[in-house]
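Enquirer: Those sequence lines, one after another, are chains D and V. Quick note on the numbering used here: the first sequence kicks off at 2 and runs consecutively. Quick note on the numbering used here: the second sequence kicks off at 2 and runs consecutively.
Just so you know, these hints were derived from the structure itself, not from any lab. Warning: the hint list may mix true and false statements.
To be verified - Computed cross-link-like contacts, PhoX-like style, restricted to lysine-lysine with a CA-CA straight-line distance of at most 25 Å:
no., chain 1, residue 1, chain 2, residue 2
1, D, Lys44, D, Lys14
2, D, Lys8, V, Lys14
3, V, Lys8, D, Lys6
4, V, Lys23, D, Lys23
The structure displayed is predicted, hence computed values, not measured ones.
2 protein chains.
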Amino acid sequence: MGVLKAKVHVTLKPGVLDPQGKAVQHSLAALGFGGVEQVRQGKYIEVDLADGSSREQARAALDAMCRQLLANTVIEDYTIDIAE
Amino acid sequence: MGVLKAKVHVTLKPGVLDPQGKAVQHSLAALGFGGVEQVRQGKYIEVDLADGSSREQARAALDAMCRQLLANTVIEDYTIDIAE
């Protein structure tokens with residue numbers, strides 16, 4: 002039994018304000034890093050699934066996980082990558 | 002003037018406990034998602050840099066940003082990807 006490893010990225014939709022990213026951007030400027038035009042912060046979630054289902058089933062399950070728990074789809078987008 | 006877009010992933014080192022990931026894993030189980038063997042949660046940060054420097058300079062700057070602010074290198078690893 003192997004494990005299906007999925008990588009999920011949850012990011013704020015374009016246009017949604019990102020105060021956390023702004024705070025990081027200001028902190029970088031305060032530390033002397035110039036030329037930082039924008040910082041956007043999202044979540045990166047690694048999900049290991051028992052390899053009992055097909056990749057299509059795994060993708061469907063991950064899609065449901067994102068919609069129900071991992072992402073707030075009103076303000077966030079998500080992407081799912083399934084590795085070997 | 003273009004913009005260099007960098008994608009930074011900050012993840013907990015292997016072996017470091019991830020209570021946030023555990024909470025997500027338990028919530029997924031409570032929602033009825035079976036077969037989730039592990040969840041690890043990290044940060045995903047998009048940094049846009051003014052395109053006045055070479056990719057090597059940008060990578061060096063991003064490496065310094067990670068060490069000084071974005072990651073806690075005692076417990077976290079980071080990766081830097083620079084797009085066009």
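Enquirer: Please go over all the hints and tell whether each is borne out by the structure.
Expert: Now the hints, each set against the structure:
no., hint, result
1, D:Lys44 to D:Lys14, "holds, 13 Å"
2, D:Lys8 to V:Lys14, "holds, 16 Å"
3, V:Lys8 to D:Lys6, "holds, 20 Å"
4, V:Lys23 to D:Lys23, "violated, 28 Å"
Hint check: a violation occurs at hint 4 only; the rest are consistent with the structure.
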